[in-house]
Amino acid sequence: ELKVEQNPLFLSMQEGKNYTIYCNYSTTSDRLYWYRQDPGKSLESLFVLLSNGAVKQEGRLMASLDTKARLSTLHITAAVHDLSATYFCAVDETYTGTASKLTFGTGTRLQVTL
Amino acid sequence: GAGVSQSPSNKVTEKGKDVELRCDPISGHTALYWYRQSLGQGLEFLIYFQGNSAPDKSGLPSDRFSAERTGGSVSTLTIQRTQQEDSAVYLCASSHSPGDSGNTIYFGEGSWLTVV
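Taken in sequence, the protein lines are chains A and B. With my numbering, the residue at position 107 of the first sequence is 107, and numbering never jumps. If you count the second sequence from 1, you need to add 1000 to reach my numbering.
Keep in mind that the hints were calculated from the coordinates and are not lab data. Note that the coordinates shown come from a computational prediction; the quantities given were computed from them, not determined experimentally. It is possible that some hints are incorrect.
Here are the simulated BS3-like cross-link-like pairs (lysine-lysine), alpha carbons at most 25 Å apart as the crow flies [what the hints assert, rightly or not]:
| id | chain 1 | residue 1 | chain 2 | residue 2 |
| --- | --- | --- | --- | --- |
| 1 | A | K56 | B | K1057 |
| 2 | B | K1057 | A | K3 |
| 3 | A | K68 | A | K17 |
| 4 | A | K17 | A | K3 |
| 5 | B | K1057 | B | K1017 |
| 6 | A | K68 | A | K41 |
Here are a few chain A residues that sit away from chain B, every Cβ distance over 10 Å (derived from the structure) [claimed, not checked]:
| id | residue |
| --- | --- |
| 7 | S12 |
| 8 | H81 |
| 9 | V112 |
All C-beta atoms, glycine included, are put in the ideal place defined by N, C-alpha and C.
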């Protein structure tokens, strides 16, 4: 059974600071997603990472994937209050031959304070 | 429409009643997914439809849950004899055919179900 673990579960950070959220998963896959969720809202797609060494950046967020370590990171640079949300990583089992479905991590609730 | 559309957005039902939740995927998307999000369980996969293939029902929690997708487009998730533990947000998502590189899976706003 695929397990996806995120840490930290909760992150309070000051504006302007940098931090990294970690996503570990337990089985072979080379397709990983990052989503953002605001309170009471649905999931907004941030990144799709498709291969070992993939790196994608959008604004103050940068995501990377190391399939050998089964690890993805979401790096936040110079945080601003608008980034406050819950961030989820999700792993797609398609690579293993099973039907395409996402297994989500527990989520990291990010709170950016002034 | 431009995005995945779900209805109702909110539903309060009495324990034991049946409910139907509807999902209208993004036009042209062949894959459709149902997930459930609850405080205790996080985000859970329920069922997945891809084109005309048999759906992957491996995530459905009990035989009270069923889903169908008519004409390869709209999907309905049905929960029979609802229980309080069914209270959750039911999220529908759609994408192009899995396996195509760069696929993004788009989620709807969800149907918030409360069983009282």
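**Q.** Hints violated by the structure (listed by number, smallest first)
**A.** Going through the list in order, the structure violates hints 1, 3, 4 and 6 and respects the others.
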